[in-house]
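Residue numbers (my numbering), protein chains in the order written: chain A, 1 to 192; chain B, 1 to 192; chain C, 1 to 192; chain D, 1 to 192.
Hints were generated in silico from the structure; no laboratory data involved.
Treat the hints with care, as some may be off.
To be verified - BS3-like cross-link-like pairs, simulated, lysine-lysine; straight-line CA separation at most 30 Å:
| hint | chain 1 | residue 1 | chain 2 | residue 2 |
| --- | --- | --- | --- | --- |
| 1 | A | K115 | B | K19 |
| 2 | C | K115 | D | K71 |
| 3 | A | K19 | B | K14 |
Claimed, not checked - Computed Cβ-Cβ distance ranges for the label pairs, DEER-style:
| hint | chain 1 | residue 1 | chain 2 | residue 2 | range |
| --- | --- | --- | --- | --- | --- |
| 4 | C | P106 | D | A136 | 24 to 34 Å |
| 5 | B | Q6 | A | T39 | 17 to 27 Å |
| 6 | C | E128 | B | G34 | 47 to 57 Å |
| 7 | D | T39 | A | T39 | 12 to 22 Å |
| 8 | D | Y41 | C | V60 | 41 to 51 Å |
| 9 | A | Q37 | C | P106 | 53 to 63 Å |
| 10 | C | E57 | A | Q37 | 50 to 60 Å |
| 11 | D | E68 | C | E128 | 52 to 62 Å |
| 12 | B | Q37 | C | S46 | 13 to 23 Å |
Every value quoted in this text rests on a predicted model; they were computed, and no experiment measured them.
Glycine is no exception: its CB is placed at the ideal position from the N, C-alpha and C atoms.
What follows is each chain in one-letter form.
Protein chains: 4
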Amino acid sequence: MTKREQEIIAAAAKVFNEKGYHAATTRDIAAEVGIQQATLYYYISSKEELLYLVVREPIVRLYDQVEEIVKASLPSRTKIERAIHAHLAAFDESYPHMFVYVQELPNLIHTLQDKIRESPSRYQHLWEEILQQGVATGELRADLDMPATVFMIMGMCNWLHRWYRKGGRLDTATLARQYASAALDGITARPS
Amino acid sequence: MTKREQEIIAAAAKVFNEKGYHAATTRDIAAEVGIQQATLYYYISSKEELLYLVVREPIVRLYDQVEEIVKASLPSRTKIERAIHAHLAAFDESYPHMFVYVQELPNLIHTLQDKIRESPSRYQHLWEEILQQGVATGELRADLDMPATVFMIMGMCNWLHRWYRKGGRLDTATLARQYASAALDGITARPS
Amino acid sequence: MTKREQEIIAAAAKVFNEKGYHAATTRDIAAEVGIQQATLYYYISSKEELLYLVVREPIVRLYDQVEEIVKASLPSRTKIERAIHAHLAAFDESYPHMFVYVQELPNLIHTLQDKIRESPSRYQHLWEEILQQGVATGELRADLDMPATVFMIMGMCNWLHRWYRKGGRLDTATLARQYASAALDGITARPS
Amino acid sequence: MTKREQEIIAAAAKVFNEKGYHAATTRDIAAEVGIQQATLYYYISSKEELLYLVVREPIVRLYDQVEEIVKASLPSRTKIERAIHAHLAAFDESYPHMFVYVQELPNLIHTLQDKIRESPSRYQHLWEEILQQGVATGELRADLDMPATVFMIMGMCNWLHRWYRKGGRLDTATLARQYASAALDGITARPS
DNA sequence: TATGAATGAGCTTTCATTCAT
DNA sequence: AATGAATGAAAGCTCATTCAT
């Protein structure tokens, strides 16, 4: 990938993040790079492809990290802690990309459905495996509905896109610890 | 509010839900009502206002319910259970409106900033109070960051807009019980 | 069809005639009508549809006239004279439309293929019937290839679009007489 | 003319033939040659020039052939037979070029007007001479309008571009015989 | 001889909105 | 209360052409 291509993807990430996919124009993105709109189309073939490119890399990375975790032999508790950490860390490492991914998923699904590795349902599935394993070993409660519980964790984590800003009061490491702890043990005070 | 106005808001909710705010056209909405595009403008002054109208009522209702809960004298545990239940129930009672609210909030903030009662930060604030009360009475853990914890619960609940469909395998009552239980006690198995 | 629609079709015919379909712009056509480009799209749904509309009416009329002639009980000679006359007269009655039809047929075929009545092969077929009848009665030579002979007549007639201008030295009635005579009896001098 | 230049002209002929001048892109043509778009401009100066180059050679050849025929001392009948044959044969020898010539003439006239030798009116003039000679010797009918009769023959012949395909049911030699016979003696059956 | 990169100009089409009736 | 007609503005995208290398 050339430097220009990287610039374009970064610019698109920024503009999609600021304005949303539909409200962002290819003119905006080109201006952000400092090139003409027509030049954009020398590198990409459509605005939709650009959305995909913005999102692809960080997502593949996150999915791969969580896949590693699924396959590792670790207590479920640790797996969950690590997976939440990886998910939240992605917001730090590639904020606008993750924002765009979460916010514009409905616009992307059509494009992503063909790409097996990046499909959101693959991620959902990985998480279900983690929970399944914990239930199997007796580490996790069996009375909770698995898909719904995964959606719950997805919601907790993805919601960061609406409020989290890098360099704010809380870093993602702290947040991950808190969210993992809350998810695993609840927010109720209990006698140690 | 006349019957026509209600029809228009319902139609807009449906279309915004199906296509998203930007992709939805005023023509689509008018067609859904069975009137001409121009007639729409006899009742509303802009597409953006329509977005606001779609979202207002159910949101005000939800905010008011949670405000009641805040003011009630109940154990924090119960308050949290009830508030989560109210939030999820809103998806059943007015799914498209809630969907639009959650998905299009970023497009709305500009409009909502002036309207104190419906501002999302008011809702955030109500929840912080609930948690605060619990911490004060010792019912809830004090080691969790309050704003972040509220965002966590918001995320869990709001994420329903991405997957929940009325009449599916799980109803919102069941879901609310599970989510409240998970949030309060965690998903880890523990000796009763 | 409203007056505006007629104006638009006439304007499109003129502009397509002057510049060709591809080189003509929707702006040109709108300007010719005296409206905005966007207004055009209140009446039509695409530039391609406009091409079809320009061509439809005169073509349907011509096809119907020739169909009448096929069904009439007349000597083949007369049928051929009349059909050539009808074809050339179309250039007088609706010059730009006929020009566009002949010149842009390759661009139209895709659109016309679905519309049975206006398909160019239907016209070709009508003419083959006329010639067939003449061969059957012994009025016409049987040694000529029928399809090729029809194409020959089509070529003679359609070529007018490249040179004929209304109000010029020759009118289509005169031309039709000459072309029919040449086609039927040849251009060789022969002893009466 | 280098080999590359010939390749480019051949590729342009093919692409213009398949898509038409306006719909064909310089990228298409370059791809057909197997070079980059920019490289094209090392050999040619504009797309319009390419159109001219595509058409020039076969046209000059045809014009020259017919000029020879005009100057030969032969019966008019023979001259007409030979000229029609030459014209149709050109479709066999250089189909795409001839196609482009006939179909895109209106786009070319501007370019060709300056080039005396290739101007279509020169060709028209040669044919008028042939017919004139025949009228003068009494071989041809004098009651037909000369220009219109030449246009008639042009139409017959040029129309091949719309339907003739090399290797089809009829070859151009056969066709030329039929067309010449029809033009000279008519399509009416007559007692030998 | 060839090309990667760039662009100005322009294209068709869409859309929220207006307004006279 | 309703709408047919109109439009300004802008969108995504294409293309012939240029030019430094």
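_Range hint compliance [Cβ, C/P106 to D/A136, 24 to 34 Å]_ = Since the Cβ atoms of C/P106 and D/A136 sit about 40 Å apart, the hinted range of 24 to 34 Å is violated.
*Distance restraint evaluation - B/Q6, A/T39, Cβ atoms, bounds 17 to 27 Å*: 49 Å, violated
*Take the C-beta atom of D/E68 and the C-beta atom of C/E128, compute their distance, and say whether it sits inside 52 to 62 Å.*
Because 37 Å falls outside the window, the suggested range is violated.
*In this structure, is the beta-carbon distance linking C/E57 and A/Q37 contained in 50 to 60 Å?*
41 Å, violated
*With a cut-off of 30 Å on the C-alpha distance, tell me whether A/K19 and B/K14 pass.*
With a Cα-Cα distance of about 23 Å, the restraint between A/K19 and B/K14 holds, given a limit of 30 Å.
_For the hint 12 to 22 Å, verify it against the beta carbon of D/T39 and that of A/T39._
20 Å, holds
*Taken at face value, is the distance from the CA of B/K19 to the CA of A/K115 at most 30 Å?*
Holds, at about 23 Å.
*Between B/Q37 and C/S46, does the beta-carbon spacing fit 13 to 23 Å?*
20 Å, holds
*Straight-line Cα separation of C/K115 and D/K71 no greater than 30 Å?*
With Cα atoms ~50 Å apart, C/K115 and D/K71 exceed 30 Å; violated.
*Evaluate the given range 53 to 63 Å for the C-beta pair formed by A/Q37 and C/P106.*
Given range 53 to 63 Å: violated, Cβ gap about 32 Å.
*State, for the Cβ atoms of D/Y41 and C/V60, whether the hinted interval 41 to 51 Å holds or is violated.*
46 Å, holds
*asked:* If I claimed the Cβ atoms of C/E128 and B/G34 lie 47 to 57 Å apart, would that claim hold in this structure?
replied: Because 51 Å falls inside the window, the suggested range holds.
The structure shown violates the earlier hints numbered 2, 4, 5, 9, 10, 11.
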